[in-house]
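6 protein chains.
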Amino acid sequence: MSDPGRALMGVSGLDEMLCGGLIAGSAALLQGAPGTGKTTVGMQFLYEGAAKQDEPGLLVSFEQFPHTLYRDALAHGWDLRGLEQQSKLRIVFTSPQVLVSSLQSPMSPISSAIRELGVKRAVVDSMTHLQTLTRDPVQLRSHYNFLINGLRREGITALLLSEDSGPDFVRSDRGRLAFAVDAVILLRYVEIDSVMQRAIAVLKTRGSDHDKSIRRFEIARGGVVIREAFQGREGLLTGTPRRTR
Amino acid sequence: MSDPGRALMGVSGLDEMLCGGLIAGSAALLQGAPGTGKTTVGMQFLYEGAAKQDEPGLLVSFEQFPHTLYRDALAHGWDLRGLEQQSKLRIVFTSPQVLVSSLQSPMSPISSAIRELGVKRAVVDSMTHLQTLTRDPVQLRSHYNFLINGLRREGITALLLSEDSGPDFVRSDRGRLAFAVDAVILLRYVEIDSVMQRAIAVLKTRGSDHDKSIRRFEIARGGVVIREAFQGREGLLTGTPRRTR
Amino acid sequence: MSDPGRALMGVSGLDEMLCGGLIAGSAALLQGAPGTGKTTVGMQFLYEGAAKQDEPGLLVSFEQFPHTLYRDALAHGWDLRGLEQQSKLRIVFTSPQVLVSSLQSPMSPISSAIRELGVKRAVVDSMTHLQTLTRDPVQLRSHYNFLINGLRREGITALLLSEDSGPDFVRSDRGRLAFAVDAVILLRYVEIDSVMQRAIAVLKTRGSDHDKSIRRFEIARGGVVIREAFQGREGLLTGTPRRTR
Amino acid sequence: MSDPGRALMGVSGLDEMLCGGLIAGSAALLQGAPGTGKTTVGMQFLYEGAAKQDEPGLLVSFEQFPHTLYRDALAHGWDLRGLEQQSKLRIVFTSPQVLVSSLQSPMSPISSAIRELGVKRAVVDSMTHLQTLTRDPVQLRSHYNFLINGLRREGITALLLSEDSGPDFVRSDRGRLAFAVDAVILLRYVEIDSVMQRAIAVLKTRGSDHDKSIRRFEIARGGVVIREAFQGREGLLTGTPRRTR
Amino acid sequence: MSDPGRALMGVSGLDEMLCGGLIAGSAALLQGAPGTGKTTVGMQFLYEGAAKQDEPGLLVSFEQFPHTLYRDALAHGWDLRGLEQQSKLRIVFTSPQVLVSSLQSPMSPISSAIRELGVKRAVVDSMTHLQTLTRDPVQLRSHYNFLINGLRREGITALLLSEDSGPDFVRSDRGRLAFAVDAVILLRYVEIDSVMQRAIAVLKTRGSDHDKSIRRFEIARGGVVIREAFQGREGLLTGTPRRTR
Amino acid sequence: MSDPGRALMGVSGLDEMLCGGLIAGSAALLQGAPGTGKTTVGMQFLYEGAAKQDEPGLLVSFEQFPHTLYRDALAHGWDLRGLEQQSKLRIVFTSPQVLVSSLQSPMSPISSAIRELGVKRAVVDSMTHLQTLTRDPVQLRSHYNFLINGLRREGITALLLSEDSGPDFVRSDRGRLAFAVDAVILLRYVEIDSVMQRAIAVLKTRGSDHDKSIRRFEIARGGVVIREAFQGREGLLTGTPRRTR
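Protein chains in written order, with my numbering: chain A, 1 to 245; chain B, 1 to 245; chain C, 1 to 245; chain D, 1 to 245; chain E, 1 to 245; chain F, 1 to 245.
Derived from the structure by calculation, the hints contain no laboratory data.
Owing to the predicted nature of the structure, the values given are computational and were not obtained by experimental measurement.
It cannot be assumed that every hint is accurate.
To be verified - Covered stretches of chain C (in silico footprint by chain E; criterion: 3 or more residues with CB under 8 angstroms from a CB of chain E, positions within the stretch not fixed):
1. 208-214
2. 230-241
To be verified - A few chain B residues facing chain A, derived, Cβ under 10 angstroms:
3. LEU29
4. VAL202
5. SER208
6. ILE214
7. ARG221
8. GLY235
Unchecked claim - As a list, the in silico DSS-like pairs of lysine-lysine whose alpha-carbon atoms are at most 30 angstroms apart:
9. D/LYS52 / D/LYS212
10. B/LYS212 / D/LYS212
11. C/LYS212 / E/LYS212
12. A/LYS212 / C/LYS212
13. D/LYS212 / F/LYS52
14. F/LYS52 / F/LYS212
15. E/LYS212 / F/LYS212
16. A/LYS212 / B/LYS212
Ideal Cβ positions, reconstructed from N, Cα and C, are used throughout, including at glycine.
Okay, chain A solo, but in the shape it has when bound (with noise of 0.2 angstroms):
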């Protein structure tokens, strides 16, 4: 049984990583390069929530159909589409402006659908879009903290994907959103005997401990696996790192 004050990820490792998951009504930023994983992790942990844990989930998706979603999703086993039949999930497809302003009003589709079925965990796919609403960075973290208080507020336990474009991890977010959330975790890829390998690392878990190795993994069928730390490299993060002496 898993812990109460925690939401199983359903990614195998990645829960060790985390300690046994994500805090319960935490906000944690999955941050990656593009075709790192990021849309998969999230599929897998709505469908750990929705099919294992009772937890119905939402999630936001600004540029992907949900029937794309669908396809990916059953090609690792997930059958999204049952699970929104079943009510325990809820695929939204939305504008950062319709998210940020449905949040502010308890009638609209999304508050109506996180009330009803009572949604425990939710998806933003990504936030990288909510830099379209302004080009003011203290405007762009105010949007931020609004979505990441309301979820808090309603005991949602949110994974915000996030378009990672470099190798410094925080460069390129003029809204600073790894300061406003409870946790970090990275998605890179990293090149090893000219092999481009993909690497995960946790950062940040506020109010918890979690395994600060730098980790090899793998999307396979079935989502994504992590695997063993990485040996005798220098500079992982950097993505093209060096043998270490």
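Using the hints provided, position chains B, C, D, E and F relative to the given structure of chain A.
Structure of chains B, C, D, E and F alone, referenced to chain A:
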């Protein structure tokens, strides 16, 4: 026989890296520095479809005149003009503005061509020119999505070429195209032993596995040929790798 | 017994690095990346003062709600709510605008709290939010100085938290806060042997000596604990050090 | 006898690198830092055409006066003034504005010269000055294409000189000229054993193969001479290579 | 006895590095990161002049209150307040605007002080604040020159402090102050063996020779003390040097 | 006896690097960081001409007063004031604006001086100040060319000093002066064995050969003296070289 859910690219070695070609109906980004062979791969992909797989193609070019493309393709043994005469291919020399408005109008020449030929494959050479449509990154991404979703809706497998101006593979893309597409393929120069070699890496394939190695490739008569993975070097993607200790 | 001219931080090892704690009445900058423990050290510093040194404290937070701080502190064994009830601590959730105008008015709630509790220690979480007051670096520095001088005038020992967004420790600070304060403490991530370790360095202590070594630290139950100095690495402050030959 | 489909450059070793010279009627970019010999190669190319291959040439210069060019060419043994008198060469000292408008008018002196001399080769020294025509990258690329397509239409083999201001070979080119041309040749300084050596690399040749090695070259009496490939160094194109282990 | 053409700085080891102190009547730039001891050296220089060399001093401070300076100086054993009472020193807390206009008016308090005390040494803490006068680099340099020439005209030996925000020593100085002064002294942090050491280098001394070595220094009771040159390291001025092979 | 087509610089070792001095009537760029000796070389070049080669000189200074130049030159044994009195030298302290307009007017003091003295050598200290004339890179380059061509037309050998603000030798030059001149000489700081050494390299000499090695130099009494080439280091031009393996 090829997998019906896949569009073979016809590039020796690349279809294997993609585990059977591009996923039919998906949009792939092919990003490369000048001279790395983007247009050659684009023509190879269309020729494979039109001449061998019974998948008519559309080539949208913003800068190269059709006669130049005919000539360069012929040097590889691909008779694009002949395929056009057989209504298996259509080469359109146009502007980004016209392309975008054409896709909005079912009566436009491009929309008609797609319908009449039953286009199954498309190449856009290059997406970088879409940056001329707007200076606003949000609008640019919206243009990207409009184009990609339009092609997906038609069930067209799209290869979107993009000009790479630096070592960091998404740095110069204001619209973050790499996040919007289903697959990302990189073409790079790599300086090894005082020779400018060419490297290819598949970075992302939504809904499929792929070869993660960074491989050498050559542009030969007959088109691009993928060779062995590099060996004994660190930092290939920086362009100036070092021998691994 | 502690030095009357010093404010013990209560962080095991850090007071030794500072040769006896912060200089009483001075302003120290604590700069760190997300998740490096800035807020934890801030609460530890206030708890030490309020619960053990009879030095009432003020915590100004711009982003974290008091109940989150209560909860996170309790996890370390610090009952901040209890200290508030004993008038040994005041947590103020406010905006940078209100903070600045409050300090100008002796009747404001913040000024009253400082007077009524006899505040001797203050934490501002975080100074980075003061950047929302103005885009002009000169005005920003003026706000910094106004705040720092106001606290100094009251004889308050201040710990000013700051969000660190890159490897160069003053690069992102338009107002050059590090030059305006009396002491600078850095918290950093350092990748060593595929593990994200945490490093602390004291860079500047006006009017005092300090330990110049770069030390490992951990966030444990009970707060931050400083460990041994790193060994055999070059470039720790770059975040991706190398083994020294 | 030379290949009729090729324009021999007359630069010892470079024609071999290009597998027989530039493709007749194509446009090549020759990019280099100050003093790497761009103008020398340009004059050598025109002299080879006018004096040896019966291919009259046009040299468009935006900054160097004809008498300076005569003098510098004579030092290499090339009598440009004599070739002008024999109507085998025309040197035009003009501005980018005049060049662009001249190409639009068949009666302009430049258009007349092209027609009267039967110009087969052209050098533009340098394309960088076209940046003065506009600040808009899109318009700039349009000017590049207008010029390149105009020369291609006349069947002229063009060598377009470009000022290289940094180690990344397309970084400073707002109009991304390297993507618009048929071939790219780089001239670089390379620091080896405390000596500033010169390096040449052919990066791109549309419709042809080329030597991929990075070679040393010298500017001697008689013009540029290509030497052996570099050996035992990594990172030549950074300008400060290291000895390979 | 000291050289009459020289102003001894009173910093043990630094006068030797300067071959006998600053040249009398010249302007030297002292540039350093926060906490490297700029103000300490400034006070040491003025104390040496006022208390030992019969050269009255002027300290212009834009940010630190006199009482803070008194206190910090006393900790080193320098009684600045006493020197003020003996009319051997004047500490002026002012703004860049007032400083600049004061120098234009012979009746201003600063001009009067210079005349009445017979000021021979001046410290400006710091020149970086002059950047608040204008955003125009040309006007800024003009302000620099106005100040420097005004001090030179009075025969005053000036030590101009400057805040260093990065590894490249003139990068952040819009007005290129280092070119306008007669001497440049750098104070730096250098990470060696996991310790933040301090380094000093004299870069430029117009009209004099100087020690070119990069030396370690410490801030001790009694002020800054220069130690031995570093050994066996490359890249000291990057801040993160490496052991030389 | 010196080559009549050459202007000996009088800098021991540099004339050999230039294969006999600057080409008479050409314009050379001397670029260096603060304190590397640009002005010293400039005065040395003028002294050699005026006192030894019967080539009267003109020194245009935008920032240093003549009396400072007299004093600094005298310290090297060069009596510039005496040469002025013999009408072999003219030092003009002026502004970029006046310089540019003077060259357009044959009656201006500068034009008169050139005519009356029969000026054969000129130094401009420094070209960087011409950046104050305009923010437009195109106009700036036009000013550069106007000045350079004006001096060439008079047959004057010009040494144009330029302030170097970074490791990349043309990065900060909006007007790309290095492309407009006939020769480029670099002065640099190089950190070797914890010592700030000075390095000189000749990068470009239009119409002549030159020594390609990077050499150490010193500023001694009597002026700049070129020493041996560096040995066993890589990356000298980065300023922080490494020992070659």
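Quiz item: So which of those numbered hints doesn't the model satisfy?
Solution: Hints 7, 13 contradicted; others consistent.
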